[in-house]
Amino acid sequence: MPGMGAILRAGTSGPGARPVVVLVDDDEAITSNLAPFLERAGLTVHVAADGEAALELVERLDPDACILDVLMPRLDGREVLRRLRADGRWLPVVLLTQVGESAERAIALDEGADDYLNKPFDPHELLARLRAVMRRARPGRRPLSASPALRAGPLRMDRISRRAWLRDAELALTPKAMLLLDYLLTHPDELLTRDRLLEVLWGFDFPVGTRAVDNRIAELRRALGDDPGRPQWIATVPGQGYRFAASVEETR
Amino acid sequence: MTTQPSGTWWRPVVPLLVPLLAGAALGAALQAAEPAIRLYAAVAPGLLVGVAGLLATVVVAAARLARQRAAVAAEAAERDATARAANDRLRFLMRLDHELKNPLTAIRAGLANIEQAGAAGPALESVSAQASRITRLLGDLRKLADLETREIETAPVDLPGLLQEVGEAVAAIPAAGERDIQWSVPQAPWPLPVIEGDRDLLFIALQNLIANAVKFSAPGDRVEVRSSEDDDWVLLEVADTGIGIPDDEIGEVWQELARGRAARSLPGTGIGLALVRVVVTRHGGQVAIRSRDGQGTVVSIRLPVQGRRGNETPVADLRQHRDSRGTVPA
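Sequence order for the protein chains is S and U.
Note that this note's numbering gives residue 68 to position 68 of the first sequence, counting from 1, and the numbers run on in steps of one.
Numbers in this note's numbering are just positions in the second sequence, counted from 1, shifted up by 1000.
So that you can see chain U by itself, here it is in the shape it has in the complex:
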């Protein structure tokens, strides 16, 4: 109540005022009426109170209904606007993809021609490498757009098994051997509950997070992969003692192509966290990030436990998840 806008202070008082005013109005009306009615009203005070009460109830109920309708309409409008923005962005990605892929195909064919003709050297190699880089970037953008719209195949996923597979894949990252990677997968009082989802996509999301933790930390740094059950959710966290993210960049990290100042010297397309966000939201889950510049970062994923809540239909839902460092579209 304390944070309500000042224009609505009277709202809680309305339910009290309405019966009083209605009673007074009815009384005044009766004073002006015929003597016979006045007599009848005098002998029937119960009726007067009843009519006033009824009137008040109707007025209050109508006011509440109108307020609820307005709130629902505002919420729907906000949802529409969010969906429209997401849709616009998706269409832009598709158009960009479409407009760039023909010239890129021609460039790559041209390069293959030049190589075939026997030309070689650092200049040609450099141009080839850059063409491949743009190809990769374009491919990543298309994957994102595709994941936002494609039908997701869901099946029960056993998280401990999945985490183990991710662990094996992460071990193949060269720098991973130089980090102190700790895994925490609860067994007591019971193992992690089963979630419903696309195992391949969840694999990608987790692998991306851990690869990021390795990438943005130094040899000897610690990376913790933690999993736990939190009511109707499974909470997965990847934390590191790496370089962290500056305050002014944290709100951007979930956007495609977001690359922080620290990331500019590192290879990558800046698609990783956007991909994680899309995968998690398509599973009816939420993502959040906390970070301190120079100290490290923790990314949390919440996924609904199978059959317990929220996972009726895995659709892209751009919910807002408030974090200590700002609001992040999750």
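So here's chain S without its partners, still in its complex pose:
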């Protein structure tokens, strides 16, 4: 009946509809505190305590989004995500990660998480991210973050091998600039604050100064031949951050 759920929701998701979210964490202390918070914020929350229960809930409810803890006994969050995507379920997923390592983030992206948050997070931040991924969601279609290859006009990116081309020329980028480009391409037309981008680069908030982000953006703009005054690719949002200005689509 999953298709039925999608039809019902598509029909009822007016301005007043409460989005349905599945919250998956094996720690009862977390779910029992987080669920009421999310409920009060206007979501309908269903809790699963392990990966198998999560798959079952998603199958039954066809929810609007899923919050998925990575470290769980038996079926961990990563495996749940893999199975959801293999099943062609493209609902937005926020991963609750445990380690801030860049490799782990790269894997999360490759497996198609829409966003990720390190524990212990600020619940308001989780809510903001959740709303952002649901806004970005393209019902029934694979999210950009789960696509292995992306295209924005003459710019192409193979996200698995972490290579990018502008027209026919491959871009020579530092690993961090490539990570940043990946994030920009999977979050087009979204205001990305410098702090958020710093966290993307490092896996945690790091007071390296906002210049660290500005320097990488400058590197990307140079590689893309973008004029900061009249940007075709990366627009500056004064005093706040950046926005990827071109429209992005997935390629086969």
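Watch out, some of these pointers could steer you wrong.
Now the stretches of chain U that chain S is said to cover, found in silico as 3 or more residues with beta-carbon under 8 Å [to be verified]:
(1) 1111 to 1124
(2) 1279 to 1288
So these bits of chain U aren't anywhere near chain S, every CB distance computed over 10 Å [said to hold, decoys possible]:
(3) Leu1055
(4) Val1060
(5) Ala1071
(6) Leu1096
(7) Ala1106
(8) Arg1133
(9) Glu1165
(10) Pro1174
(11) Gln1182
(12) Leu1192
(13) Arg1222
(14) Glu1224
(15) Ser1227
(16) Glu1229
(17) Glu1252
(18) Gly1294
Ranges between beta-carbon positions, derived for each pair [claimed, not checked]:
(19) U:Asp1230 x S:Arg83: 54 to 62 Å
(20) S:Glu39 x U:Gly1121: 21 to 29 Å
(21) U:Asn1087 x S:Thr174: 45 to 53 Å
(22) S:Ala29 x U:Asp1293: 40 to 48 Å
(23) U:Phe1092 x S:Glu28: 23 to 31 Å
(24) U:Trp1190 x S:Asp168: 58 to 66 Å
(25) S:Thr251 x U:Asp1180: 52 to 60 Å
(26) S:Pro228 x U:Ala1218: 24 to 32 Å
(27) U:Ala1119 x S:Arg60: 33 to 41 Å
(28) S:Thr174 x U:Ala1172: 21 to 29 Å
(29) U:Arg1222 x S:Ile160: 39 to 47 Å
Read the hints as simulated data drawn from the structure, not as lab findings.
Just so you know, even glycine gets a beta-carbon here, dropped at the ideal spot from N, CA and C.
Got chain S; can you put chain U on it based on the hints?
The following block gives chain U in isolation, referenced to the frame of chain S:
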């Protein structure tokens, strides 16, 4: 030689004794041998000396080899022990992080719940502030553990440009305006050489040091940020005329969570210098600190100049750097 343990006084004499003893032994053996051999030996004194010399050389070389092997083995054992200790500490940090982050996530969610339900007041604010504080501390510990293991992206770093960026960031610290901050970046006879490293991490290290100098000094105190070239190294120093560090605390300052008595009244998690140490050692460099209680402190960083030495692979190397105030793991 004067500091050698007393049990090894005979070592330098061995190379002299061995040929003599070997010659004597060979002579004695010949005395006991057949007359024909004795005759041959008598007509061939050159051969006798040659054989004795050869024997002596072999014995001396074997002894030296054994000694070298023992020294290498001892060094390797010490390195292993240091690496094991570092590894144990890292694993402990990871476990601590892992065990604390779930309860903390629950506490923060619970607090958000209570706030959402309309509760407010100083008690709730205080608990929220403390939860944030533990979160920050945990985050700092994880950053440290992460920096010790993550792959470091290296690129040529121009230090004058970096120092200028750090200067701009430091100017944003409220108390910095009340310190007399002096920068010294040489231009003659040539500018500072280029070093190889992760610009962001070096930024953090330098910013931390200067922020510390500002923190542990009073309005009107002087802070000097000095840079110079020293053979194959770039030497960066941050000195202040602040409150200094007592003798009995100086050995601890590089440890995570080390907070001196003077620091207890000041905000912070005590992670700053540990972070500096990790960043610098990951760059193949060394850190040292000198301080006098009540007079001030100078922290020195040595970073290898690009392509000149020591910077083959930036790995955590817990070298010992002896300072006038004690040994500090650098």
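Hints versus structure:
| no. | hint | in the structure |
| --- | --- | --- |
| 1 | 1111 to 1124 | holds (count 4) |
| 2 | 1279 to 1288 | violated (count 0) |
| 3 | Leu1055 | holds (60 Å) |
| 4 | Val1060 | holds (53 Å) |
| 5 | Ala1071 | holds (38 Å) |
| 6 | Leu1096 | holds (13 Å) |
| 7 | Ala1106 | violated (4 Å) |
| 8 | Arg1133 | holds (12 Å) |
| 9 | Glu1165 | violated (5 Å) |
| 10 | Pro1174 | holds (15 Å) |
| 11 | Gln1182 | holds (21 Å) |
| 12 | Leu1192 | holds (19 Å) |
| 13 | Arg1222 | holds (24 Å) |
| 14 | Glu1224 | holds (21 Å) |
| 15 | Ser1227 | holds (19 Å) |
| 16 | Glu1229 | holds (25 Å) |
| 17 | Glu1252 | holds (24 Å) |
| 18 | Gly1294 | holds (30 Å) |
| 19 | U:Asp1230 x S:Arg83: 54 to 62 Å | holds (58 Å) |
| 20 | S:Glu39 x U:Gly1121: 21 to 29 Å | holds (24 Å) |
| 21 | U:Asn1087 x S:Thr174: 45 to 53 Å | violated (29 Å) |
| 22 | S:Ala29 x U:Asp1293: 40 to 48 Å | holds (46 Å) |
| 23 | U:Phe1092 x S:Glu28: 23 to 31 Å | holds (27 Å) |
| 24 | U:Trp1190 x S:Asp168: 58 to 66 Å | violated (42 Å) |
| 25 | S:Thr251 x U:Asp1180: 52 to 60 Å | holds (59 Å) |
| 26 | S:Pro228 x U:Ala1218: 24 to 32 Å | violated (42 Å) |
| 27 | U:Ala1119 x S:Arg60: 33 to 41 Å | holds (35 Å) |
| 28 | S:Thr174 x U:Ala1172: 21 to 29 Å | holds (27 Å) |
| 29 | U:Arg1222 x S:Ile160: 39 to 47 Å | violated (55 Å) |
Hint check: violations occur at hints 2, 7, 9, 21, 24, 26 and 29; the rest are consistent with the structure.
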